[in-house]
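Residue numbers (the UniProt record's numbering), protein chains in the order written: chain A, 1 to 440; chain B, 1 to 440.
One copy or any two copies: either way a pair holds, since identical chains are not told apart in the list.
Below, computed lysine to aspartate or glutamate pairings styled on DMTMM-like, alpha-carbon distance capped at 20 Å:
hint: 1; residue 1: K206; residue 2: E278
hint: 2; residue 1: K198; residue 2: E300
hint: 3; residue 1: K225; residue 2: D146
hint: 4; residue 1: K259; residue 2: E40
hint: 5; residue 1: K249; residue 2: E203
hint: 6; residue 1: K301; residue 2: D185
hint: 7; residue 1: K317; residue 2: E144
hint: 8; residue 1: K198; residue 2: E304
hint: 9; residue 1: K145; residue 2: E324
hint: 10; residue 1: K259; residue 2: D208
hint: 11; residue 1: K233; residue 2: E211
hint: 12; residue 1: K317; residue 2: E140
hint: 13; residue 1: K317; residue 2: D185
Hint data in this document are derived by calculation from the structure and do not stem from the laboratory.
There are 2 protein chains.
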Amino acid sequence: MANADCVSVRVFSLNCWGIHYLSKHCSQRYQMIGEMLCKEQHDIVLLQEVWSEKDFLYLKAKLASTHPHSHYFKSGVIGSGLAIFAKHRIHDTFLYRYSLNGYPYMAHHGDWFGGKAVGMAILNIAGLTANVYVTHLHAEYSREKDSYLSHRVVQAWELQQFIRHTSTGADVVIVGGDLNMHPQDLGCRLLMSYTGLKDSYIETAKFDGCENGMTLIADNLFISKNELIPFEKGIRIDYILFKGSSTTKIYCDFMSTTKGSVPGHPLPYSDHEALTAELRLESHIPAQAGSDKTQDTPAEKLAELVDTLTEARTEVKVGLHCAERMRYTAARTGVMGLALLVLELAIAAVPCFALGAEQPFPRISFYLLAALCFAILLTTFLLYIFYTMELKSLQGAEDQMRLAVGSLQEKLRGFPVAQPHNAPQRSPEGQQPSALDPEE
Amino acid sequence: MANADCVSVRVFSLNCWGIHYLSKHCSQRYQMIGEMLCKEQHDIVLLQEVWSEKDFLYLKAKLASTHPHSHYFKSGVIGSGLAIFAKHRIHDTFLYRYSLNGYPYMAHHGDWFGGKAVGMAILNIAGLTANVYVTHLHAEYSREKDSYLSHRVVQAWELQQFIRHTSTGADVVIVGGDLNMHPQDLGCRLLMSYTGLKDSYIETAKFDGCENGMTLIADNLFISKNELIPFEKGIRIDYILFKGSSTTKIYCDFMSTTKGSVPGHPLPYSDHEALTAELRLESHIPAQAGSDKTQDTPAEKLAELVDTLTEARTEVKVGLHCAERMRYTAARTGVMGLALLVLELAIAAVPCFALGAEQPFPRISFYLLAALCFAILLTTFLLYIFYTMELKSLQGAEDQMRLAVGSLQEKLRGFPVAQPHNAPQRSPEGQQPSALDPEE
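Looking at chain A on its own, in the form it has when it is part of the complex:
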């Protein structure tokens, strides 16, 4: 990062395969990932399938000194699994949930519960506005009979729409994630040709990694070879994409992938390979003012906005508590229904509970009670899922608002002293995390 005209940005992307109890060696792998990220100090880290918020918080604590800025995108029942860590301040975030994402009753595929989405974070990198996107599309379970193809095509369509419409003001666009599509697949072509994004594997000047840039390889010990047929060696489905703008050119100097097991460790980081791209940004023309409207806003307006936002956060928190209470009630009612069912079955099955009566239960009552228990269980289960989704959405909004308040307060602290630049949005960002870090 010598000067504002030529900036180097190292981007990392990995599908962490973080399904506790189902993914193998989950905690051990997160530990490895955390240590590697600490050591490598990429500028931007884009993670997918971080299904548990605890794992995100573990990484956040681990990376507190190297990557002071982070965001976890919440969506769906257990999703979205998307996380971003950055050396540079995250000014704004936005999440778009894909309208289609598999079927809830295909529970063994699990995609529906993941609440797949694309997360956007707006970063300031050496005075340049970088729109960074992280996403994960619906998995392909069968190449021959892909019953989710239309869903994935619609996701690719919505992804390109989201990127195209939200990145107009950006100097650079960086996209990382597991697209679950081969480079020549329809969705990939749709995304690339419509947005003008470039594939770092294709564009890179130098490459070190798996053959053909593959990211799901037979040599990874978590991959069963049968899954890859007819692609014996592996497939390329994870990407780091980028594009510049009229003001900024972007190049990929070097790209690498991991190659299965990690040297010095018995395990790979994940069932996917990790991607690293070294991008070089060349800023050519001083950019136009007005890409961030709040930068032009007078201090009193900003202060008013902070007040409004704080009020909104309070309302959302009230809603959060309410949803938590409702979810708790649903869970408690469900447990009571289950207990009732178990008790009934015990009375019916074990004669000693019947206290000597010949016919412990009239049959009609037995079946009616059982039906009632099942109805309670089903209803409370559905309600529990629904309230969980509501909670995630409320938490997600609250997180974004907290981040926005932080960013606004940062700007307010800069009034009027730190406004000496002609082009306000080009003010160089401090490398040190702010003492009054509002992320907590």
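For chain A, the structure is supplied; the task is to place chain B on it using the hints.
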């Protein structure tokens, strides 16, 4: 529309209250709305609560000559109810579904089933890029005990995010819709202060309409006065908002609302009042190139994009047929379950069906069969709802793709003859609808 530097744009917004069998005089009112829109010839018509696609198609046919461009935004089970009609070509559309929108079990409030969202359409008005948004937020059923407040605040938050992030490249932004919020409500303040949008009722030079710009008034014969307490005369919850850019200034010269019943008709158009704003756009500086990236794309790339899009449409159509088949199967299975239940009840209730047997049904079988029927009915009902939502999303994507193909073909037809301008995105739009209109 004298010249490109000063353009007048008339915008119309109405919540149509189009719930067949529940809203009063629905068909008659749509006829009135259609006739009025034909006569008034607004540049942009933003409609909410057009719940039935048939009504949209009725209006589309009626307005074919005055408003050749239109889009119906599909979302949720029966929503989103949002529609746009325009004199000017719609180049692009995008839909954002709010992450929270009430509860499915609050069926009498119905908001959840509406799939509330914000729709965006990018129009070219006399060479200016206009981002037009139409939206409808969750209703407020009780001012004192508003259990949906947190949902509405999150919707307002997501609305401002969506507008802010997608409108960076726009010369003007126009928002119309039923926000279900009073002007001083938290969500309204959040939206206005964060986006910098201005309220046409506040900004207008001249106003003709209800007192205080109210849009839900006691004088409307569809409104029961009890609903409005403690606001005896009415409330203002529908808005037309706007903002310009560094290149374009925007003013509101005149604004009007309807005042309950329509002169010469026995009925009002809706339970809400309709809004009309006459906006004046003043373009000051020639805008920067690059707001629409596809404008800079060479013809072969555009043709390739059209091919990819056509392929994507085919895939989505395959998915559509599949979802239709699944929904049909669910409906048929549900009907069979219902028939079985009716038959069983008939046998049990009417002895003559029992063909003379003393005990027509063993009791256990009776209850088991009834439970099975209920389980089938519930499951097929949930599946039917789910497939309906899937269908809507697929249809929505297909609609947007068709529109995009049309817009790209339009550009392709212009190669290389109609590219004589220095600033490509400023090419004046033809007033006549294209002979090869791709909207069908």
